[in-house]
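One line per chain: the protein sequences are A and B, in this order. Mapped onto our numbering, the consecutive letters of the first sequence carry residue numbers 60 to 283. Mapped onto our numbering, the consecutive letters of the second sequence carry residue numbers 2 to 401.
Certain hints may be false.
Claimed, not checked - Partner residues aside, some chain B positions facing chain A, computed with beta carbon under 10 Å:
1. Ala11
2. Gly13
3. Gly17
4. Ser18
5. Thr20
6. Ala118
7. Asp122
8. Ala313
9. Pro394
10. Leu398
Hints were generated in silico from the structure; no laboratory data involved. We put the CB at the ideal spot given by N, CA and C, even for glycine.
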Amino acid sequence: MIQLDKVTRSFMVGDQQVSALRDIDLSIAAGDYVSIMGPSGSGKSTLLNLIGLLDRPTSGIYKLDGGNVSALDDEQQARVRSEKIGFVFQSFHLVPRLSAAMNIELPLILAGIPVHERKVRVAALLENYGLTDRADHRPDQLSGGQRQRVAIARATSMHPAVLLADEPTGNLDQTTGREVINLLEQLTEQKVTLILVTHDPALGARAKRQLHMVDGQIVSKTEN
Amino acid sequence: MRLIDVVQFASGSLSGSRTRTLLMILAMSIGVASVLILTALGEGARLYVVNQFSSLGTNLVLVFPGRTETAGIGPGMLLGQIPRELSLEDADALLKSRAVKRIAPLTLGSSQISRDALNRDVIVLGSTSDLLEVRHMSLALGQFLPAGNTGESVCVLGAKIRRELFGKESAIGAWVRLGDRRFRVIGVMASQGESMGFNTDEIVIVPVASAHMLFNTTGLFRILIEAKSRDAIEQAKKDAETILFARHNGVRDVTVITQDAVLATFDRILRALTLAVGGIAAISLSVAGILIMNVMLIAVSQRVQEIGLLKALGAPAAQIRNLFFTEAVLLSSIGSAVGLIIGEAGVLVIAKLYPTLPVATPWWAVLAAVGISLITGVSFSVWPARRAARLDPVTALAGR
């Protein structure tokens, strides 16, 4: 499903070249549950952004579903993101002026899905995530857990094959964090590939595969 | 993304930041309204002058004593002299032309009018009975001057003069004193108000011969010629020149102009003025356009996270560009719609305040105002929209 071959990513900071990722070789099968751990600055977010096509590797090849996606142009990559990839962020990234239902509907709107189908899907998602009575609330009227549930509902609205979560519990307390992780883990049972970035070892240990990163390199792979 | 969704999303983000949106609409609408109002005023002034000219009479040719030299100044002018006066005989001679329908000689002077203890200064106009027709004047009471060049001591009062001297009493048949002569009132002019800076309500009209006696002159201030038809105007002008040239011993010492020529000049000047004023207003419109660009740029930097999110959710650059573009188009079209309403309301108010000024927004001004506001709104949003579309999703999501 996801195949990285000798992927590197380096940035220019001033006139110095800084490598965020060095020669990453990684393959993740469909339906895998992978956690990426490591100290801050180890390159785990950069790796997640690369997999999510928000960033391009400096060198190396990234294949998604067998196709070389790093060779695609911006517009084609946008389509791949729309159809195959869902994001869950630490700070939720909900659009503040839109209601919960509208936030969930956003990827469907961008993809140009007809109104009636959108309404059906959004209603189902609201129901699944226990948000039906919060549908018309704006993000600032929701609790942290509810916001992240809206974000997960939005990430799954296009039925993506890959779900990328960057510290999804970072802004939540223990209990709600646990609920959110449960929701994400339920998705892996429906053949969704879940890649979770966290610096919390307890959380990372729940994943089937655990990658530890230091200085842009994967230093250990653990399988449960 | 569907068009209706694009519009909905854009209007959503407009209503999301209400102050910003209202300010932009305000700027745009002030621009549009000022174009409408200023051009309406300009057009009003033009029409006003045109109307004033036609109220002076139709197919008019005017004869002035003296000649306006375009090259240099004649010696007579320096001394404030006129080479030769226009006489009453000159005026009568003009009737020989077949292109001339009627003439009205005019002589002008200032005198004191009194009735019993009441007196005031008035402008006395000496003319003939044809003046009424030539100048399109109308009489309220009694009759106008008698036909022919008689020196009868009769006069026709302007409406205001009659009111001041007679109040509610009847003026017809009464005697008034002009200077050292007595005149019998035979008529009263209808109130017409100001016309080319000449208020017919405040004058007294007497036969031209009486005026000459009163002021002890023989000259004419001007001769009004009414041509037989519009096509005869040029012929009448030529004839007047030839006749007066012959009568003045082969000296071209009169000026003959047609009303049309004067009118056309005024028309041109005022139209240019309207365009100039409209152009100045259009500058305020483009300032509004720059404001839109400014605020859109701020919007882009305020909404980087949202833009990053849209990119993460699979919106291609073109779509993000379209969203910002649509916002600008919506803003400028709402702005111009509001501006049209404000502008038309303003024009109505002006029309109410100054009923004599025929203000009306010309159609080309409406088109130009709306067109310029749309074009500036759209073209000034190209840059912000492109900037939004080019944002790097990772840095945008981080809000940097």
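Evaluation of the provided hints:
Evaluation of the alanine 11(B) hint against chain A yields a violated restraint, the C-beta minimum of about 12 Å exceeding 10 Å. Hint on glycine 13(B) holds. Least Cβ distance to chain A is approximately 6 Å, under the 10 Å limit. For glycine 17(B), the suggested interface contact is upheld, since its CB lies about 4 Å from the closest CB of chain A, less than 10 Å. Satisfaction of the interface hint for serine 18(B) is found here, the shortest Cβ-Cβ separation to chain A being roughly 8 Å, below the 10 Å cut-off.
Given the 10 Å rule on beta carbons, the hint for threonine 20(B) is violated: about 14 Å separates it from the nearest Cβ of chain A. With a least beta-carbon distance of about 81 Å to chain A, the hint placing alanine 118(B) at the interface is violated under the 10 Å criterion. Using the Cβ-Cβ criterion of 10 Å, the hint placing aspartate 122(B) at the interface with chain A is not satisfied: the shortest such distance is roughly 74 Å. The beta carbon of alanine 313(B) is positioned within 10 Å of a beta carbon in chain A (closest approach about 5 Å), and the interface hint is therefore held.
With a least beta-carbon distance of about 4 Å to chain A, the hint placing proline 394(B) at the interface is held under the 10 Å criterion. With its C-beta approaching chain A no nearer than about 7 Å, leucine 398(B) sits inside the 10 Å limit, and its interface hint holds.
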